[in-house]
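A.B. asks: Below are the chains, spelled out letter by letter.
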Amino acid sequence: MLALSMQKRLTFAALLVAVTTGGAASASPEDIFGYGTRSPAMGGTGVAHSEGFEAAYTNPALLGRIRDLKLTLGFEAATFNLHADGAGLPGEVPYDSMRGIIIGLDVPIPLGGVLKDRIGTALALSSPTNVIVRGNIPYPEAPQFPLLPDRSQTVSIRAGIGVNVGWGIRVGAGFAALAELDGSAVVQTDATGRVSSNVQDQLIATYAPTLGLTYDVPLEDHETTRIGVSYRGALAANFDVSIDATKLSSLNIPVLTIAGLAQYDPEQVSFEIARSQGAFLFALGATYKRWSAYPGLLQSTLPCPASDPTCGSLVPPSITYKDTFVPRVGVEYSTSAGKSLDLHVRAGALYEPSALPSKLASSMAFDMTSQATVSLPTRYFDADRLAITLGYGVALRDPLPPITLDLFGQAHALMPRTITSDDSVGKVSGTVFAAGLLAGVKF
Amino acid sequence: MRLRRPLPWLLALAALVASPRARANPLDPFGFGSRGTAMGGAAAADVQDFSANYYNPAGLALARRMEISVGYVNVDQNLQINGLSSGVDPVRAMVAGIVAPGKLVGIPFAFGFGLHLPDDRLSRVRALPQDEPRWELYDNRNQLLYLAANLAVSPWPWLQIGGGVSFVSSTDATLDISGQVNVYTPDSSQLRSAIDADLTAVRYPQAGVRVALTDDLALAVVYRGQFQLDLDLKANIRANISGLTTALYELETDSVNNFLPQQLVVGGSWRIVPELRANLDLTWVNWSAYVPPVADVQVTLNIPPPPAGWPPGITPPSTPAPTIIAPINMRDTIVPHLGMEWRALNERKVQGFVRLGYEFDKSPLPPQTGTTNYVDADRHAFSLGLGVRAVELLPELPRDLRLDGHVQLSELPTTTTVKSNPADLVGNYTAGGTLWNVGVTLAMGF
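Read top to bottom, the protein sequences are chains A and B.
Our numbering puts the first sequence at residues 1 to 443.
Our numbering puts the second sequence at residues 1 to 446.
These are computed hints drawn from the structure, not numbers from a lab.
Among the clues, some could well be false.
Stated by the list, open to error - Among the chain A residues that face chain B by a calculated CB cut under 7 Å, a handful are:
| # | residue |
| --- | --- |
| 1 | L69 |
| 2 | I137 |
| 3 | Q202 |
| 4 | I253 |
| 5 | T301 |
| 6 | P303 |
| 7 | L314 |
| 8 | S318 |
| 9 | L386 |
| 10 | I388 |
Stated by the list, open to error - Cβ pair distances, simulated, as ranges:
| # | chain 1 | residue 1 | chain 2 | residue 2 | range |
| --- | --- | --- | --- | --- | --- |
| 11 | B | E396 | A | T224 | 26 to 32 Å |
| 12 | A | A306 | B | P305 | 54 to 60 Å |
| 13 | B | T300 | A | A77 | 36 to 42 Å |
| 14 | B | P305 | A | P305 | 28 to 34 Å |
Backbone N, C-alpha and C define an ideal beta-carbon position, used for all residues, glycine too.
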């Protein structure tokens, strides 16, 4: 018996190792911290148990459970303390903290007949307080954590609809929206010899779909066990600006293209099982993230013409990112403190492997001194992250105003790691702290 | 107001103070939703559907049931200069919104969300040379997303107060380029770049009040804040010029676009008889604050001559003189909006409506007799709309279904611009045209 138990534990440990060593990375705010407050407090779980607008991200099928019109407003923040140590490296790599607002709207669709209490929708917006999208892409030799801090500096607009089709099955669909930038600047001199320009930029919407399915398992113990699966398409925000100064003089200079990927969330599939047992809700799940499709941060400044694909233009470093599996676990304890007050205590954990490989290709540059192309180390850093999450929620009921108040806190630890490129060796470590507070009102 | 009911007031105050409000350029000339457009945009005192997010957020508090609306609008801009089409892009967009009313501690309260989502882009910032003729108020300013969220309360049945915010985005980018420029074969240049770009949020407020003087007469006041989109672009280029010398080239271009002046609307709505309603809005537009949409370009060139001099055929550029931006000198205007709605059909489950509207936009631009060529003309807009409302047809359908359509014809009479300088490079020109605005809106009340 003991041997069997040990065998099970070893099998479980092996599975855990298997799913946590895939590679790792992080994404936009919800991909790093989760969406709302309940899911982030429970280790980012929610594919099988989310409530309200959070389900627009975790699993839109659960929007079919919305029964009350509810508006939620809140604030979230995160700080990054990231280190890259080694010869020629700065130690701490400074990054701005992230501060953002969250707005969520739960909207039940109160139809009648066979459609009664079956359809719900939600709109959700999370946005940094000062930017819509940040695209900070330094030269590759500058020490940076390309998959973590700046990727949290982006707006996220989500909407979804969920339908309860019966027999314990719910389906849902939604989308996420982001803005990408396309621009040009043509600089020239006019007839009077003064400089003039024709400058244009456009913000173009880019969308990614979200699909979800849940199934309430029919068990005889009167408790609820639900299985959830969701799919999120890749969400990418490009930055593409061309500068044409060819008419500024007789100097024959090329048209410059400055293009890159300001934000990127990989395509991902999440699976989760949640079980409510008495006052407790337990959730266990995993997310597969297809980082191998990530095209990288920068594009060539001078793309080679089709007629000369090997024109010798400098190309950004080629990095093959790794797909990752993110295991998550969460628990919620709910109790009533009187007729009009419900309390919730939440906790969870997640382990986010890094999608960045340990050995990176070098990058190319033109050296002014030697007047030759040289290779420089690519100083991209990232590491697996272990996050511990906590949360607390209060919900008032009649005769008190129907208000909810939820908060969460997260502590992420970057697992020590060494990344090499050329002769550069960087030892990665660091912490990330995040917290959020949301207030909701039903009306 | 009693202190024991502070929550709705706090929420409304938070919306007024903290959130940006909604209303964007394409909505000024072309309206929001088919009902308001068909009534000439005269809706400040008579609106309670999703279009209240633009016309008057206070109207949201009049809603008694949740309503979701979706529609589409197409505006063809047939504008001409010297009889030739100016190629002004059409405005094609999905419109959508939601009104979610309820009660908080007994006080009617509502949340609203409005969206005008262009087919092709969320926004476009375009800074042309100031002497290049362009339809300043139609060419680019209508290519813009409108996204707004509002809150409203009705502390007494005769009073509604609402407000909120809208936001769009500006661009602030620094581009760094380094490497080698091959002036003999430019495609063989070896350059690379780094980006530090922020799309920054621009928020602007909106607030409105509606007062019902009687059951048949209401007045409203709406304030809409000012916003502008900035496009600040810096490019620093450090490059070796074909082994001849090392060049430093710094380009900085700052421009303001899509300037929306602040506005104040005073409106009234009078139900003359139960089947007939007349609305009048007067909108003061602070055009005199308009910022010229011309890029302020600063160029710094530092290219030391090669020791052996420049090869034949290559002339090094010199630093050009900076742009001198001429003032635009717009004038404030007052825009009248007139609208009428006749309930032509009033059955138990079906109602039908006919709507008419007119508005007059006097051009805020002075005659372009100098070097600038911001083309504009007065605009007379005539609109017609039909609507049908069906109530409780089937239990599986929304309780209240409304389908509204509109057609609006804007006529811009042809005017002639005469330059004060006979040697002006652009010369005299005539300009005018028509705008056709067609759209439908489906509203579902639950």
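A.B. asks: Run every hint past the structure and note whether it holds.
C.D. replies: Verification of the hints:
1. L69: With Cβ-Cβ at 5 Å, under 7 Å, it holds.
2. I137: holds, 4 Å
3. Q202: Nearest chain B Cβ about 5 Å off; hint holds.
4. I253: OK, holds: I253/A within 7 Å of chain B, min 5 Å.
5. T301: Because about 4 Å separates T301/A from the closest Cβ in chain B, which is inside the 7 Å limit, the hint holds.
6. P303: Constraint on P303/A not satisfied, violated at 9 Å.
7. L314: holds, 5 Å
8. S318: violated, 14 Å
9. L386: violated, 31 Å
10. I388: It is violated, given that the least Cβ distance between I388/A and chain B is near 32 Å, above 7 Å.
11. E396/B / T224/A: 26 to 32 Å: Given a distance of about 28 Å, which is inside 26 to 32 Å, the answer is holds.
12. A306/A / P305/B: 54 to 60 Å: violated, 36 Å
13. T300/B / A77/A: 36 to 42 Å: The hinted range 36 to 42 Å holds for T300/B and A77/A, with Cβ atoms some 39 Å apart.
14. P305/B / P305/A: 28 to 34 Å: Between P305/B and P305/A, where Cβ atoms are some 31 Å apart, the hint holds.
When each numbered hint is compared with the structure, violations occur for hints 6, 8, 9, 10, 12.
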